[in-house]
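Based on the provided sequences and hints, a complete structural model is requested.
From first to last, the protein sequence lines stand for chains R and V.
For the first sequence, position 472 matches number 472 in my numbering, and the numbering has no gaps at all.
To get my numbering, take the position in the second sequence, counting from 1, and add 1000.
Treat the hints as calculated values from the structure; they're not laboratory data.
From the three backbone atoms N, C-alpha and C, an ideal C-beta is built for every residue, glycine too.
One should not assume that every hint holds.
Restricting the straight-line Cα-Cα distance to at most 25 angstroms, the calculated cross-link-like pairs of lysine to any residue (SDA-like) are [as the list claims (entries may be wrong)]:
| id | chain 1 | residue 1 | chain 2 | residue 2 |
| --- | --- | --- | --- | --- |
| 1 | V | Lys1299 | R | Pro341 |
| 2 | V | Lys1500 | V | Ser1298 |
| 3 | V | Lys1384 | R | Met1 |
| 4 | V | Lys1299 | R | Ala346 |
| 5 | R | Lys384 | V | Arg1017 |
| 6 | V | Lys1299 | R | Glu322 |
| 7 | R | Lys523 | R | Ala346 |
| 8 | R | Lys299 | V | Ser1298 |
| 9 | V | Lys1434 | V | Asp1508 |
| 10 | V | Lys1127 | V | Pro1253 |
| 11 | V | Lys1471 | V | Ala1488 |
| 12 | R | Lys62 | V | Met1001 |
| 13 | V | Lys1254 | V | Leu1287 |
| 14 | V | Lys1062 | V | Lys1127 |
| 15 | V | Lys1299 | R | Thr220 |
| 16 | R | Lys384 | V | Gly1024 |
| 17 | V | Lys1062 | R | Met1 |
| 18 | V | Lys1299 | R | Ala260 |
| 19 | R | Lys384 | V | Glu1044 |
| 20 | R | Lys434 | R | Arg481 |
| 21 | V | Lys1523 | V | Tyr1169 |
| 22 | R | Lys299 | R | Ala260 |
| 23 | R | Lys384 | V | Ala1025 |
| 24 | R | Lys384 | V | Ala1021 |
| 25 | R | Lys299 | V | Pro1341 |
| 26 | R | Lys299 | V | Glu1322 |
| 27 | R | Lys62 | R | Tyr105 |
Using C-beta positions, here's what the derived DEER-type ranges look like [to be verified]:
| id | chain 1 | residue 1 | chain 2 | residue 2 | range |
| --- | --- | --- | --- | --- | --- |
| 28 | R | Gly499 | V | Ala1043 | 36 to 42 angstroms |
| 29 | V | Gly1499 | R | Glu295 | 42 to 48 angstroms |
| 30 | V | Ser1423 | R | Gly320 | 34 to 40 angstroms |
| 31 | R | Ala502 | V | Glu1163 | 45 to 51 angstroms |
| 32 | R | Gln292 | V | Leu1354 | 56 to 62 angstroms |
| 33 | R | Glu316 | V | Gly1064 | 49 to 55 angstroms |
| 34 | V | Ala1043 | R | Arg58 | 55 to 61 angstroms |
| 35 | R | Glu295 | V | Glu1173 | 49 to 55 angstroms |
Sample of chain V residues with no beta-carbon within 12 angstroms of chain R, all distances over it, derived [said to hold, decoys possible]:
| id | residue |
| --- | --- |
| 36 | Glu1027 |
| 37 | Asp1065 |
| 38 | Phe1132 |
| 39 | Glu1165 |
| 40 | Ser1209 |
2 protein chains.
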Amino acid sequence: MNGLMMDYPLTVTSLMRHVNAQHGASEVYSLTVENPAHRTRYAEIFRRCAQLANALRRLGLKPGDRVATLAWNDYRHMELYYGVSCMGGVLHTVNPRLFPEQLRYIINHAGDRYLFADPLLLPLLEKLHPAFPAVERYVLLCGKGALPESSVPSLISYEELIEGEDDNYDWPELDENTASSMCYTSGTTGNPKGVLYSHRSTVLHTYASGLSDIIGLKSTDIVLPVVPMFHANAWGVVYCAPMVGSKLVLPGPKAGDPEALVAMMNAERVNTALGVPTVWMGLLSYLDASGQRLETVSKLVVGGAACPRSMMEDFETRHGIEVCHAWGMTEMSPLGSVNAPTAGSADLDAGALLAQRLTQGRAPYGVEMRLVDDNGEALPRDGKAVGRLQVRGPWVASRYYRAEESALDNGWFDTGDVASIDSNGFMNITDRTKDLIKSGGEWISSIELEDVAMSHPAVGEAAVIAMPHEKWAERPLLIVRLKDGAAADADELIAWFEGKVAKWWIPDAVRFANELPHTATGKVSKLKLREQFIA
Amino acid sequence: MNGLMMDYPLTVTSLMRHVNAQHGASEVYSLTVENPAHRTRYAEIFRRCAQLANALRRLGLKPGDRVATLAWNDYRHMELYYGVSCMGGVLHTVNPRLFPEQLRYIINHAGDRYLFADPLLLPLLEKLHPAFPAVERYVLLCGKGALPESSVPSLISYEELIEGEDDNYDWPELDENTASSMCYTSGTTGNPKGVLYSHRSTVLHTYASGLSDIIGLKSTDIVLPVVPMFHANAWGVVYCAPMVGSKLVLPGPKAGDPEALVAMMNAERVNTALGVPTVWMGLLSYLDASGQRLETVSKLVVGGAACPRSMMEDFETRHGIEVCHAWGMTEMSPLGSVNAPTAGSADLDAGALLAQRLTQGRAPYGVEMRLVDDNGEALPRDGKAVGRLQVRGPWVASRYYRAEESALDNGWFDTGDVASIDSNGFMNITDRTKDLIKSGGEWISSIELEDVAMSHPAVGEAAVIAMPHEKWAERPLLIVRLKDGAAADADELIAWFEGKVAKWWIPDAVRFANELPHTATGKVSKLKLREQFIA
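So this is what it looks like as structure tokens:
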């Protein structure tokens, strides 16, 4: 017997309708190339979404067609998010920092018909457009007057595209399983893979983000996603902030500029910001060097890579800013877990509490986690057993775009992470499956060693990789970038590990580098490090 | 084109699995007839749910079968919530305070096969059971030893029923549209109507409840639902508290006893409690009379009827407790709106802010509201236009149980309320459609007049009804119960309205009563007042 409740599809369109009716007056600030402080409101963004949808219909966009963006976080990008998805198209956010070969592969694999790009990325487009035969139309995210001469065919400005279009659009009633957006993972091996989100998965992910122990925004919050809108929907912030009416502060091309970020946060009275550890490390250094303060920020959400202990301590003790550790991945829309205390946390001593807070946190309802051993047998949630982390839920990918086979292992998605989970659900990633070091038949966690190295005052960045070893099969090799002006030698760094990890975990050797190689998503590329230091 | 995300049904079963894995250690306190301080944990509750499901399977329960409860808020009732729904049955929570004739109608109309009742309600059961021919089995919510001699056939205790059953159950993979529970509305006219919730509607309602600006519980919260579990699922608290791991404090038969409530709140360190205004008015009187304090409560959620201004002011100024006004109805699962500030609220002066906070608040994403006039034409959201309030969304009823026709009007559910909505979404109910007073062709709000009357220091309870009038068609009649020991006459009360409402709104006459009649859900029965004072 079925319930007798309304059949009401979960769509981004209904979310837009809600925001428009209720939070239309909430502000959206953007920094763009044209305007250092562009201000608009959600209602105005949606009005322009309708114009955009009418323009795209005029260009011939059909349901399911892919529309690519190469863009920073700003209001026009947000208009594309809602306009394209709600008219039945698929917004394909592309990371402009990918290598040209990856961009070529991704845009062709997705079959994007339209490409919207930030003016700063025009040089990239001029170089690459001949490689995108399926793209019919290029649009630059700027006003008519700001459109430069260009070799890109049929290039027009966004404002010219939507100008004069009707600001009403008969948004279709979509099935909730309709595809809404897509994002490619830039795997370190093989070709990138496309994750195709649905309206339903997006809406459910948005609800979970709004829970108090997850991101939990309120109408009165002012939130700055440093995490780019081309990284798994800026962790969903472009949906969950409007849902509750929070003000959005979008840093445009300045997301990597600590000075600009601090100025923006203080001027716009931001209280919550989200980004990867490297961004916050840079910000911390800038605050230390400049003597500036974050005047209104009370909470930083840190995800995308493990949060270094020293960074959490620095922000909390010296700046009074709560650091909230989160974890996710593109295949998870991306939210997997967030760290928030339980009732029992209050009884922990300072050390145990910090250890708990440094875990990746707990899954919201909607993400199920389990650990399995190499034979696929489930492991206990006792905080000790370490195994492959697998997940399932309504916003977890089941298959990659244009892939023949399922991405699942017996109904579960294997994250590629190795982790433990305690009885309260606190999940602690000890490594990526492929980054573990197997020494004498036992596993050593590269992440834990990196965390110890990062706590040394002279270390700016650290990575540990496996070095082949005749007797032990593999041994850890520590690679370090020292802070500017700091000094330390290998012996001193090796001694630093004593008493902090098991003796046999201590790296055998240290190499110094002026810079560590990073992937396009800002993580240290261990693939490149292996090529550089092992070969 | 569809997205490629997991097909993961939204079921109470997946919620139970989540809570079990993650918040299994969170505490549930119950006061029962047998035990003034029963303590358990979610994991233990779910273990017993499995035993209950095995017992019900043994008794022959089939998917879709209805299981009735006549019970207060305690852990056994909660076990029925999850056990019955997750095995594919339908939990039918019945209000024990209904009149015998209504109970007979409801239980027969629902076709309940099993009936679980609190020991305190055995006398009721003994009187009524011959009227329930379809009920095959009666279970008393107590231990084996507490089961009294009784004329109720085949009566057994709950503990005897589940004793020795396997504490594993192969919970079925249900379709998310499967019915999970039902609740009858006790309309003031006609027969009660059954609302049939689904797993999907329940889960989505639970997500929305968890949003920071809605109920927004955290894992560290301790929450006491005074609102009964037979009133639209205790406003969803029995789902949303476990979802995030909050501790639940369940007051059993003492929900109407201010002294017991205050003791329980202080002893269990409750920080959030939910209930109807009459409960909080009683609590306030008790606090005033006894000189006691609520030591840990920081927030009261008030719904089910309009929150009197004086009550909000008293709790906030004299007790430092935030009063949060909410609105809903059985047909809405029941959550419709909650009052939380916007960024703009900070700019309001004290009077305007209080006026905003006394509105029913704003709808979460998932509830769409509109106002229509008598011709069904949509009215503006300008805070001024007043019309019939209609709603739609995934947790709004579309049809009543066993009804032939839809409950909707062009896809919208008519709430029977008359309201305004401002541009920020603050919805203000001015009356029930049927309680409006039409005087000289203009509407007078009975609720506003009642609110003014209630602010008089001598008034304990007030109600305004329409009195037939030769010239004006209808005129307002004020009916008042004075506080114990307080004195006021009709002239003084009528004078109290001067300057507070339009002159022509001021009631023409006042009647005094020692007690006002209430419906089974605790609201003043205007139907009875009309019979008593108009006829």
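A quick look at each hint next to the structure:
{"no.": "1", "hint": "V/Lys1299 with R/Pro341", "result": "holds (20 angstroms)"}
{"no.": "2", "hint": "V/Lys1500 with V/Ser1298", "result": "violated (31 angstroms)"}
{"no.": "3", "hint": "V/Lys1384 with R/Met1", "result": "violated (43 angstroms)"}
{"no.": "4", "hint": "V/Lys1299 with R/Ala346", "result": "holds (21 angstroms)"}
{"no.": "5", "hint": "R/Lys384 with V/Arg1017", "result": "holds (21 angstroms)"}
{"no.": "6", "hint": "V/Lys1299 with R/Glu322", "result": "holds (24 angstroms)"}
{"no.": "7", "hint": "R/Lys523 with R/Ala346", "result": "violated (33 angstroms)"}
{"no.": "8", "hint": "R/Lys299 with V/Ser1298", "result": "holds (22 angstroms)"}
{"no.": "9", "hint": "V/Lys1434 with V/Asp1508", "result": "holds (20 angstroms)"}
{"no.": "10", "hint": "V/Lys1127 with V/Pro1253", "result": "holds (20 angstroms)"}
{"no.": "11", "hint": "V/Lys1471 with V/Ala1488", "result": "violated (29 angstroms)"}
{"no.": "12", "hint": "R/Lys62 with V/Met1001", "result": "holds (11 angstroms)"}
{"no.": "13", "hint": "V/Lys1254 with V/Leu1287", "result": "holds (16 angstroms)"}
{"no.": "14", "hint": "V/Lys1062 with V/Lys1127", "result": "violated (28 angstroms)"}
{"no.": "15", "hint": "V/Lys1299 with R/Thr220", "result": "holds (18 angstroms)"}
{"no.": "16", "hint": "R/Lys384 with V/Gly1024", "result": "holds (18 angstroms)"}
{"no.": "17", "hint": "V/Lys1062 with R/Met1", "result": "holds (11 angstroms)"}
{"no.": "18", "hint": "V/Lys1299 with R/Ala260", "result": "violated (39 angstroms)"}
{"no.": "19", "hint": "R/Lys384 with V/Glu1044", "result": "holds (23 angstroms)"}
{"no.": "20", "hint": "R/Lys434 with R/Arg481", "result": "holds (23 angstroms)"}
{"no.": "21", "hint": "V/Lys1523 with V/Tyr1169", "result": "violated (41 angstroms)"}
{"no.": "22", "hint": "R/Lys299 with R/Ala260", "result": "holds (18 angstroms)"}
{"no.": "23", "hint": "R/Lys384 with V/Ala1025", "result": "holds (18 angstroms)"}
{"no.": "24", "hint": "R/Lys384 with V/Ala1021", "result": "holds (16 angstroms)"}
{"no.": "25", "hint": "R/Lys299 with V/Pro1341", "result": "holds (20 angstroms)"}
{"no.": "26", "hint": "R/Lys299 with V/Glu1322", "result": "holds (24 angstroms)"}
{"no.": "27", "hint": "R/Lys62 with R/Tyr105", "result": "holds (23 angstroms)"}
{"no.": "28", "hint": "R/Gly499 with V/Ala1043: 36 to 42 angstroms", "result": "holds (38 angstroms)"}
{"no.": "29", "hint": "V/Gly1499 with R/Glu295: 42 to 48 angstroms", "result": "holds (45 angstroms)"}
{"no.": "30", "hint": "V/Ser1423 with R/Gly320: 34 to 40 angstroms", "result": "holds (36 angstroms)"}
{"no.": "31", "hint": "R/Ala502 with V/Glu1163: 45 to 51 angstroms", "result": "holds (49 angstroms)"}
{"no.": "32", "hint": "R/Gln292 with V/Leu1354: 56 to 62 angstroms", "result": "violated (39 angstroms)"}
{"no.": "33", "hint": "R/Glu316 with V/Gly1064: 49 to 55 angstroms", "result": "holds (53 angstroms)"}
{"no.": "34", "hint": "V/Ala1043 with R/Arg58: 55 to 61 angstroms", "result": "holds (58 angstroms)"}
{"no.": "35", "hint": "R/Glu295 with V/Glu1173: 49 to 55 angstroms", "result": "holds (52 angstroms)"}
{"no.": "36", "hint": "Glu1027", "result": "violated (8 angstroms)"}
{"no.": "37", "hint": "Asp1065", "result": "violated (9 angstroms)"}
{"no.": "38", "hint": "Phe1132", "result": "holds (20 angstroms)"}
{"no.": "39", "hint": "Glu1165", "result": "holds (25 angstroms)"}
{"no.": "40", "hint": "Ser1209", "result": "violated (10 angstroms)"}
Of the numbered hints stated above, those contradicted by the structure are hints 2, 3, 7, 11, 14, 18, 21, 32, 36, 37 and 40, listed in ascending order.
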